[in-house]
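Protein chains: 2
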Amino acid sequence: METLMKVFDKAIETRLDRRSTFVALGGGVIGDMCGFAAAAFLRGVNFIQIPTTLMAQVDSSVGGKTGINHPLGKNLIGAFYQPQCVLIDTDTLNTLPDRELASGIAEVVKYGLIRDPEFFRWQEKNMQSLLARDPSALAHAIKRSCENKAEVVSLDEKESGLRATLNLGHTFGHAIENGIGYGQWLHGEAVAAGTVMAVDMSHRLGWIDDTIQERVLAILQQAKLPIAPPEIMTVEKFKDVMAVDKKVADGLLRLILLKGPLGSCVFTGDYDRNALDETLRAFCKC
Amino acid sequence: METLMKVFDKAIETRLDRRSTFVALGGGVIGDMCGFAAAAFLRGVNFIQIPTTLMAQVDSSVGGKTGINHPLGKNLIGAFYQPQCVLIDTDTLNTLPDRELASGIAEVVKYGLIRDPEFFRWQEKNMQSLLARDPSALAHAIKRSCENKAEVVSLDEKESGLRATLNLGHTFGHAIENGIGYGQWLHGEAVAAGTVMAVDMSHRLGWIDDTIQERVLAILQQAKLPIAPPEIMTVEKFKDVMAVDKKVADGLLRLILLKGPLGSCVFTGDYDRNALDETLRAFCKC
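Going line by line, the protein sequences match chains A and R. Numbering-wise (UniProt numbering), the first sequence opens with residue 1 and increments by one. Numbering-wise (UniProt numbering), the second sequence opens with residue 1 and increments by one.
Derived by calculation from the structure, the hints in this document are not laboratory data. Treat the hints loosely; a few may be bogus.
Same chains, same names: a pair is fine if it fits in one copy or spans any two.
Straight-line alpha carbon distances no greater than 20 Å define the calculated PhoX-like cross-link-like pairs of lysine-lysine that follow [unchecked claim]:
| hint | residue 1 | residue 2 |
| --- | --- | --- |
| 1 | LYS74 | LYS239 |
| 2 | LYS143 | LYS224 |
| 3 | LYS10 | LYS74 |
| 4 | LYS10 | LYS246 |
Full structure from sequences and hints, please.
Structural data, given as structure tokens:
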């Protein structure tokens with residue numbers, strides 16, 4: 001919020017007017033904050049995203065979700081505000097640290113799991129090329145990710161249902177980020193561990209085959225992403241943070257869970273509570 | 001901004017979810033802030049306006065403009081966010097101070113001047129009833145004001161042109177409020193003085209008859225509203241604040257000016273700069 005206020009101060013001091021354009025050049029936090037600043041400054045000015053991390057290129061820059069964090073949770077304050085344009089230059093990935101690259105891959109894997117089994121199979125075959133930053137592999141992964149996201153968002157911009165499926169692994173992941181302190185793990189690292197937990201729960205519910213669970217673990221391990229929350233996470237910490245998740249409605253926590261063949265998922269609060277408890281206990285020491 | 005943050009803190013601490021409804025009970029500042037809080041909390045929750053001042057009932061609660069003030073200007077940070085409902089109980093006006101009542105009347109007069117000459121003539125005949133808080137006179141004034149505002153907003157929600165005409169007198173008025181410090185004058189008092197200045201400028205440009213100028217002065221005086229800025233306002237102060245007005249585009253200050261018969265106005269940057277300077281000098285000692 002302090003940084004956001006500095007953006008407003010500067011915009012007002014330099015007398016930017018309603019025809020101004022805010023350009024977000026950077027990763028997801030920059031894009032989210034700049035987008036919210038653009039949404040709120042003079043009640044809305046033009047906005048262009050130029051994402052420079054894989055995470056921002058495959059996910060956060062597309063779809064118009066903007067916002068800032070609150071000490072009690074991520075992105076609790078924000079707006080749905082679409083950019084006029086998203087400009088992706090894959091050359092920016094040449095200098096991206098390995099951990100940041102892997103973090104973005106967690107979201108790429110997500111698209112395969114929730115709706116695009118062919119893309120998932122492509123990733124299984126091409127993970128080494130992606131990690132080696134092969135330009136054509138990266139370009140394909142970014143393109144298919146943006147296409148998947150754009151399709152979902154165009155069907156459900158304000159997240160009345162379908163769009164929530166983009167949050168596979170994010171509810172567990174947000175709890176991890178919040179529980180250990182933002183910035184300790186990269187977002188995609190938390191999402192990867194969260195995805196493993198969501199898939200574990202889906203499996204406990206009998207909603208997916210063993211092979212799907214195995215393939216999820218294998219692809220995330222190949223990308224050197226975490227497949228479990230850090231040891232300091234407790235069942236209580238998970239429950240505390242998940243209770244303030246934006247997807248809670250009428251006190252009920254809805255989750256995105258895989259169900260059926262590869263590429264199928266549901267967004268539902270209609271699941272056996274015991275399966276959630278068992279998953280949390282399986283991944284936490286206390 | 002500090003108060004807004006307290007609203008967010010409370011909303012998050014009490015774990016309000018996306019199906020919550022924020023209710024703004026109070027005057028315009030409450031409605032503007034609560035509306036922006038509703039727009040930004042979890043990227044948008046339900047919102048109901050229950051305005052309790054005449055100003056909020058005839059103007060600020062209708063049309064979805066929400067926002068908060070910045071030390072350098074009013075409502076520079078905000079959102080267009082429509083309430084699900086605006087509920088007006090005219091009984092709340094029974095305990096409204098006289099100055100607050102008059103402040104709201106400044107906006108009622110505005111609707112007559114910019115688009116509803118019949119309403120203006122009705123006001124000329126019924127001003128004493130309004131000031132005496134005659135319930136049926138107040139109800140009519142509120143109803144016609146909301147109808148006028150709703151018509152304008154439905155044609156131009158995001159203020160690409162027509163909606164700006166609702167700001168007759170507001171550019172000069174904002175400069176007064178900012179120049180003397182917010183809260184020194186009520187908003188409608190500043191708008192009244194600003195309206196007199198805008199009408200004076202329209203008259204200098206030869207765009208309206210003498211009689212219109214005289215009738216504006218007469219009706220505002222009847223309502224015991226200011227018809228000139230306070231003495232501490234200088235030409236320089238006006239120019240400084242007007243330069244950061246939201247209606248500045250490409251460095252050009254556009255103004256709402258009366259032009260033609262009663263009930264006609266324009267929103268334009270195409271006017272003789274000398275007329276603006278002359279108006280400012282006519283109303284300021286230095």
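Check: What label fits LYS74 with LYS239 when the C-alpha limit is 20 Å: within, between, both, or neither?
Finding: Within. Shortest intra-copy distance 16 Å satisfies the 20 Å Cα cut-off; inter-copy 41 Å does not.
Item checked: Intra- versus inter-copy proximity for LYS74 and LYS10 (alpha-carbon distance at most 20 Å) -> between (25 Å within a copy, 16 Å between copies)
Checklist line | Up to 20 Å CA-CA - LYS224 versus LYS143, copy category | finding: Neither: 22 Å inside a copy, 65 Å across copies.
Margin query: If the cut is 20 Å between Cα atoms, do LYS10 and LYS246 qualify within a copy, between copies, both or neither?
Written below: Between copies only: 15 Å across, 31 Å inside.
In this structure, the one hint that does not hold is number 2.
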